[in-house]
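A.B. asks: These are the residues of each chain, in order.
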Amino acid sequence: MKKKLISAVLCGVMAASMLAGCGDIETASEPASDSSDSAAVADDAASAASGDSADADAAGSASSEAAPTAVTTAGDPNGTHMEMWSFVEAHNNFYAKMLDQWNKENPDRTLEITFTTYPYGDMHQKLLMSLQTGEGAPDLCDVEMGQVPNIYEGLDTWLYPLDDAMAPYKADMLASRLDAYKGSDGKQYGAPFHVGATVMYWNMAELEKYGITKDDVDAVTTWDDYTALGKKYVAARGEDGKFFTSVDTGGTDWMWLAMAEYGEDWTGGFDGTANVQLDSVKKMLTMQQGWLKDKVAEVSPDGHVDLEAGYQNILDHNIVSFPKALWYMSRFINYMPEEKGNWYITKCPVFEAGQKCSVGIGGTGTVVTQQSKDAKLAADFLCFAKMSPEGEQSIWNDLGFDVCNTSLWTDDKFAHDKTNQYNAFFQDYPYDVLASIKDQIGTVMTVKISPTINEQMCTTTLNEVLEDGTSVDDALKEAQDAVELEE
Amino acid sequence: MKAKKFLYSQKTAPYIFALPFILSFIIFWIYPLISAFVMSFQDIGAISVKFVGFKNYGKLLKDTVFHTAILNSFEYMLFTCLLLIPFPMLYAVLMDGNLVKAKGLWKALLYLPALTSVVISGTLFRLMFSEYRTGQMNVLMVMLGLPAIKWLKSKVTSEIALLMLCCWRWTGVNTLYFMSGLKAIDKSLYESAEIDGASGWQRFKFITIPLIKPTTIYVLTISVYAGLSMFLESFMLWAGNSSPKNIGLTIVGYLYKRGIEKDDMGYACCVGVVLLIIALIINFIQLALNGTFKKEDR
Amino acid sequence: MSEKNSPEMKKGMRVKHGIGSFFATLWFALISAVIIFPVFSGFLASFRPGRELIRRGLSINLDFKTMSLYNYKYLFTPNADSAKYWMWFKNSMVLTLVSVILTLLICYFIAYGLTMYEFPLKNFLFFLVIATMMVPFEILLLPLYKEMTQLKLMDTLAGVILPGLCGASTIFFFHQYMLSLPKELLDAGRIDGANEYYISVRIMMPIVKPAFSAMAILCAMGAWNNMLWPLMIFRSASKFTLTIGLNTLLTPYGNNYDVLIAGSMLAILPIFVVFLLFQRYIIDGMTAGAVKG
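Residue numbers (the working numbering), protein chains in the order written: chain A, 1 to 487; chain B, 488 to 785; chain C, 786 to 1078.
All clues given are correct.
The list that follows gives simulated cross-link-like pairs (lysine-lysine, DSS-like), each with its CA atoms no further than 25 Å apart:
no., chain 1, residue 1, chain 2, residue 2
1, B, K546, B, K732
2, B, K640, A, K282
3, A, K232, A, K209
4, A, K282, B, K732
5, B, K542, A, K448
Quick partial rundown of chain A residues pointing at chain C, CB under 7 Å, derived from the structure:
no., residue
6, V88
7, T116
8, T117
9, D122
10, K126
11, M129
12, E135
13, E308
14, Y311
15, Y335
Calculated directly from the structure, the hints in this document are not laboratory data.
Note that beta-carbon positions come from the ideal geometry of N, C-alpha and C, so glycine has one too.
Excised from the complex, chain A in its bound form:
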């Protein structure tokens, strides 16, 4: 009896879902075409990797035929075998693609690589453990910026320096970005994907409805201009819940931008001592408190714009401008496709004329471990994949990252390619903005104390200042005390 009831309910639910499925065939096919590049890339890579892609039967019963397509070992079976880990599948697909090119160009030094995609946090934990115990590390591994201090701790006993392998490409690479991946001994341990340059995103379509033109936006050079424009917009709109921008309690991007503008760094670098009571940080926080008071800004729902609620907020046009790294472009493509054509990218405002106006944020540094069978070969392949013009092309097209090779920024074929989905999405060319700020991209170091500062800011300080209205000086004093306790 009970069982009947359960099965009846299950059947009902099934039936309802079937009906739902028939509801609209058009939407059914829509996500297939643009369910982001990652799925498409995955298909390519897998078929390239294993030769035959589709043995798996439609029933999909956990059959053994399905297995070969899922394991990604790519490259030349007779080459040197290596292992590579990442926490983003699309990265591995990219490396697999580059591997084929490498093998074509270097028939005497071919490689076969087994790619493994791990969950984000756990991959770093596993890598760290394998480095500490000296056993089980892969040859190559992606390392997220925030985890760099931990992984770099062992310097060249753990990791293989990339300086030599990088030399052929170094001239064109943005130096400030390479610096971010150097160890405390000055050696280069990580190869970057992107600059992660912070720029200003503007919802022009929405702004124009309230009489703010591109010229107005282009005229913004200082934060005072920005504030004035914000007040103008909010007044013109005069609607509850609609703001000019949102400030973050769960991320430090705004603070990084302010520090880069003044050339300050709260970590103090490798040798200095940490100091969060910086003028730049104080100015930024004070300005943000003013915005909140004047209803020019709101606090980002759930803490920052790079979370579900943040995307919703943007889609609902509750905010019309915000500074974020260029890699945020992929969020538009993946989560906000209907915003196509609405958004405009410019450089960020500065506090005082003549300051730097951007900062590189986030990123994935890829490392070669000393446990590798042939670290030199691994390093050569890595630098080829991530720094050669072919590699950079693929990084831009497939992953949507702002590449570090500055010579490409002004290359018309590369930067103004209309078939590139990012170029097509925005009102202006991202690389035009990037090229215009080439010498104005600052760096904030990521060192041992960074996680502590970051955490103190995101859990306590920013919440106190922006949510509770605590005075900036008091909150920063408290943060400084907490940070000093750790040093």
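Start from chain A and add chains B and C according to the hints.
C.D. replies: Just chains B and C, lined up with the frame of chain A:
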């Protein structure tokens, strides 16, 4: 023949039964336990390891973030014990009787959350308690004519969210424990009590409660530890280990933060040892009071 | 006594029982509704493009226009994602099945030894069982990893299963369950000439069936959802379990909700089947007759 006799004797049998545990303890526990304990007295760098005596423990005493974590974990443990023992027990008793209709369905539904992977249930709850207006809890608040709330940004509301997530996940499981515990009770006891005119409440109080005590002790013991060592729920709810002003930070969360995020295994082990000691003390007091270690007199 | 059996009284009790039954059932319907809500909204979300989750959050509106079977179709058609999904699925099934069967058997016998006999080391061993339950696993991770490398158990199923085989909480539960059972049965068996092992298997095991089913469900759930340790042990992506795999879909660079939500909903099914199979035994359970033997 002698060997066989030895193996089959009543004196040897318990050791043979317990052998897998003894082996597993020797192989998989002794070394890691001792080295974790040793690490708690060390400062573990990338290359060098040095003994620092009680320095880690001394730092722990002054570490206000750790104190917050302890307080949060205790609070959570207390509430979960209050919510996740009496109610599941009551549900199990109701399920065991013939008062409730369609029992199989309710049981299956109660248990469904525990089957849902944490990855997805965490995401679902995070979206439900989102401070944005599409978060379902805020939709509900608006429907009730109340203002939307930033659920995960203040202590009280986030505690509510956390407890809801916890009750949602574990009520079914605890009910299951009690239900199987109830099966060990001789049904004829109830029948004779009923004939003697005992009311439902009296039967519950004088038969069910005492006879289900071993199960209750079990649930209490694991709830104490599970409460103190909660981490995943908080991690999922805040999409990471950082919550505003550490309102969601737990002891294990802090351990994780130190050991994994900041790669300070020595300090992390020290946190772990303190948690172990706290959990052991509470549970052994509780078990001793409940008479678990007494020699049975029969 | 006579009053109690009068027809009016009986009728009154039936009415009272009816009302009680109604409210008790209503109560369970209510809490079930609350409990099912998040799962249900996840279920609905699995019929929408992953992007909808971002656009509207979890919505329980049955807006059929935005719903389709696309996500499920995607999982059931041959492509790189679905191939991986089913591989994870299979691995999880194998891991869960093997570890549940072994854990249950081993833990039952350990608990049997610790409950049914009086012997000098009894309390000490029981103390160890409880103590191992209280150790936060995170601090054992690094040394255990080292040990497993030395034992050459890395990347093997054995490496994942063995350390957790003597699950303290499972032993403890069997122990507590058997405490409430009468020991006369053992003596009866001994008088009949049965040896200790025969008694534990043939006499005791059937009576402990409800505990077995409860633990089967619990252990299955634990093994199915376990992530940290399998992840540390497995190196080959071809051995990854569903929990590890689904977690790779959540990255700091954006989440693949299409596969994630539908995949997670589908992953509930096998465990749910285990539950339905075993909960029957909890319902059947031990009858008074069984104890009296």
